[in-house]
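A.B. asks: Below, each chain spelled out in residue letters.
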Amino acid sequence: MAMTMHIDIVSAEEEIFSGTAEAVFAPLASGEVGIYPRHTPMIGELKAGEIRVRSGENEDSYYVSGGVLEVQPHVITVLSDTAIRAHDLDEATALEAKRQAEEAMADRKTDLDFARAQAELAEAVAQLNMIRKLREKM
Amino acid sequence: MAVGKEIKTQIKSLQNTRKITSAMEMVAASKMRKAQERMQTARPYAEKVRNVVGHLHFAHPEYKHAFLDKRDEVKRVGYIVITTDRGLCGGLNTNLLKMAVSDMREWHEKGVEVDICTIGSKGQAFLKRFGLNIISSVSHLGDQPEINQLIGVVKVMLDAFANGSLDRLYIVYNQFVNTMTQTPTSLQILPLVGAEEDEELSHHWDYIYEPEAKQVIDALMPRFIESQVYQGVVENNACEQSARMVAMKAASDNAGDMIDDLNLKYNKARQAAITQELSEIVGGAAALD
Numbered sequence: 020m021a022m023t024m025h026i027d028i029v030s031a032e033e034e035i036f037s038g039t040a041e042a043v044f045a046p047l048a049s050g051e052v053g054i055y056p057r058h059t060p061m062i063g064e065l066k067a068g069e070i071r072v073r074s075g076e077n078e079d080s081y082y083v084s085g086g087v088l089e090v091q092p093h094v095i096t097v098l099s100d101t102a103i104r105a106h107d108l109d110e111a112t113a114l115e116a117k118r119q120a121e122e123a124m125a126d127r128k129t130d131l132d133f134a135r136a137q138a139e140l141a142e143a144v145a146q147l148n149m150i151r152k153l154r155e156k157m
Numbered sequence: 083m084a085v086g087k088e089i090k091t092q093i094k095s096l097q098n099t100r101k102i103t104s105a106m107e108m109v110a111a112s113k114m115r116k117a118q119e120r121m122q123t124a125r126p127y128a129e130k131v132r133n134v135v136g137h138l139h140f141a142h143p144e145y146k147h148a149f150l151d152k153r154d155e156v157k158r159v160g161y162i163v164i165t166t167d168r169g170l171c172g173g174l175n176t177n178l179l180k181m182a183v184s185d186m187r188e189w190h191e192k193g194v195e196v197d198i199c200t201i202g203s204k205g206q207a208f209l210k211r212f213g214l215n216i217i218s219s220v221s222h223l224g225d226q227p228e229i230n231q232l233i234g235v236v237k238v239m240l241d242a243f244a245n246g247s248l249d250r251l252y253i254v255y256n257q258f259v260n261t262m263t264q265t266p267t268s269l270q271i272l273p274l275v276g277a278e279e280d281e282e283l284s285h286h287w288d289y290i291y292e293p294e295a296k297q298v299i300d301a302l303m304p305r306f307i308e309s310q311v312y313q314g315v316v317e318n319n320a321c322e323q324s325a326r327m328v329a330m331k332a333a334s335d336n337a338g339d340m341i342d343d344l345n346l347k348y349n350k351a352r353q354a355a356i357t358q359e360l361s362e363i364v365g366g367a368a369a370l371d
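Chains as they are written, first to last, in this note's numbering: chain S, 20 to 157; chain R, 83 to 371.
The hints are simulated quantities; they were obtained by calculation from the structure and are not laboratory data. Mixed in with the good hints, there may be bad ones.
Distance condition first, Cα-Cα at most 20 Å in a straight line; then the derived EDC-like pairs of lysine to aspartate or glutamate [what the hints assert, rightly or not]: (1) R/Lys180 x S/Glu142; (2) S/Lys117 x R/Glu228; (3) S/Lys152 x R/Asp339; (4) S/Lys156 x R/Asp300; (5) S/Lys117 x R/Asp241; (6) S/Lys156 x R/Asp342; (7) R/Lys152 x R/Asp197; (8) R/Lys331 x S/Glu155; (9) S/Lys117 x R/Glu195; (10) R/Lys192 x S/Asp132; (11) R/Lys116 x S/Glu142; (12) S/Lys66 x R/Asp300; (13) S/Lys66 x R/Glu294; (14) S/Lys117 x R/Asp197; (15) R/Lys180 x S/Glu139; (16) R/Lys113 x S/Glu32; (17) R/Lys180 x S/Asp132; (18) S/Lys152 x R/Asp335.
Only chain S is shown next, with the shape it has when bound in the complex (with noise of 0.2 Å):
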């Protein structure tokens, strides 16, 4: 039987792929790699591609859009991306919520007041315990 290792692709929002194999070809930014077992540790950036995995006869492909590829040598691991990223894109969006956040404190009138937010805090808190206690009397 040949060697095998334990390779993970994940995506931040789901688990894709959990298993062995026996040999994994991945989009490396500066070109395709195989994987074998006992491969020195290497971590990569991934280009958007497929990433093959052979175990046997079988080879499953899943594609990636981009992402992170780390192995140890016995263990894979691919951090896939969901999002489209480039450094524009990310930029836009970020300016986005800086423009979302000018916009919600626009209309502020109000001075720093620590003492007011946690008193209005507090009282809202006492009125939840209150009902509370009704409640389990009743």
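Since the structure of chain S is provided, determine the placement of chain R on it from the hints.
C.D. replies: Frame of chain S; chain R shown alone:
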């Protein structure tokens, strides 16, 4: 029977309220299941990315990322505050904000400035009222938050940390313990706090970097932070649904109790009215004899 009619209308309106709250309870219950599933499915990535970053901690690259840079002097801190978009979920947001505000106040008293990133409109509305400085904000992520909705807000904070305008970054969210219990939690995410010692990895070794250490680490770090924030968001979402379910169940029960009380009152009033009418008739008949 004027009193009786009034009570009847009151009962009707309470019944309508109960219909709404029990519908909301059921909706929240089904959303909660989905939100919990989402929390589970997001976990593998969070674990793996934490592992990789932990390994990297023990590797000895020639390049040290800004996120690992521990600064002794703290002049300005950042908070990512995750709240819900909608209310009617009991004390969930209130408890969270209470903790966040008292933390921020402590910083403020030490002369440290606080910058805030809000995720969710409840926190945004509350914090801006008290003059806190919100520098990035996103809301209305919906029931299925996606990581690309978060990249922007998180990037603003990460950039601020990288260029030195923030010295610490915390994330505040509700941790999902179980359906009945949600705990407000505050975690330091930057600078990265060291991973636990791993015997196997503590000897000197290093990765092969493809193409270069800087590029790979620069790609990995934001993903790590984003995944932590995403985890916070989905967890807070599960908390929101379960808190709402519990709150709406309590509201439906209360409406039921009130309806029972009013029914009793109505019947008593009706009985009193009938008794009175009867005694009037009897009295009238007696007067004729």
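A.B. asks: Work down the list of hints and note, for each, if the structure agrees.
C.D. replies: How the hints compare with the structure:
Using a Cα cut-off of 20 Å, the hinted pair R/Lys180 and S/Glu142 holds, with the two alpha carbons roughly 10 Å apart. Taken as a hint, the S/Lys117 and R/Glu228 pair is honoured in the structure, with Cα atoms around 19 Å apart against an allowance of 20 Å. A hinted pair counts as satisfied when its Cα atoms are at most 20 Å apart, and S/Lys152 with R/Asp339 qualifies at roughly 16 Å. About 57 Å separates the Cα atoms of S/Lys156 and R/Asp300, which puts this hinted pair outside 20 Å; it is violated.
For the suggested pair S/Lys117 and R/Asp241, the alpha carbons sit about 12 Å apart, so the restraint of at most 20 Å is met. Restraint check for S/Lys156 and R/Asp342: the C-alpha separation of about 18 Å stays at or below 20 Å, so the hint holds. Straight-line distance between C-alpha atoms of R/Lys152 and R/Asp197 comes to about 19 Å, which keeps the hinted pair within the 20 Å bound. Taking the CA atoms of R/Lys331 and S/Glu155, the gap is about 14 Å. The hint holds against a cut of 20 Å.
With a C-alpha separation of about 18 Å, the suggested pair S/Lys117 and R/Glu195 falls inside the 20 Å cut-off, and the hint holds. With a C-alpha separation of about 15 Å, the suggested pairing of R/Lys192 with S/Asp132 holds against the 20 Å cut-off. With a C-alpha separation of about 33 Å, the suggested pairing of R/Lys116 with S/Glu142 is violated against the 20 Å cut-off. Between the alpha carbons of S/Lys66 and R/Asp300 the distance comes to roughly 15 Å, so the proposed pair stays at or under 20 Å and holds.
With a C-alpha separation of about 14 Å, the suggested pairing of S/Lys66 with R/Glu294 holds against the 20 Å cut-off. Proximity of S/Lys117 to R/Asp197 is assessed by CA-CA distance (about 12 Å); at most 20 Å being required, the pair is judged to hold. Simply put, R/Lys180 and S/Glu139 have alpha-carbon atoms about 9 Å apart, close enough for the 20 Å limit, and the pair holds. Between R/Lys113 and S/Glu32 the CA atoms are separated by roughly 17 Å; this keeps the pair inside 20 Å, and the hint holds.
Restraint check for R/Lys180 and S/Asp132: satisfied, since their Cα atoms lie roughly 14 Å apart, inside the 20 Å limit. Among the hinted pairs, S/Lys152 with R/Asp335 is consistent with the structure: their alpha-carbon atoms are about 15 Å apart, no more than 20 Å.
Going through the hint list in order, the structure does not satisfy hints 4 and 11.
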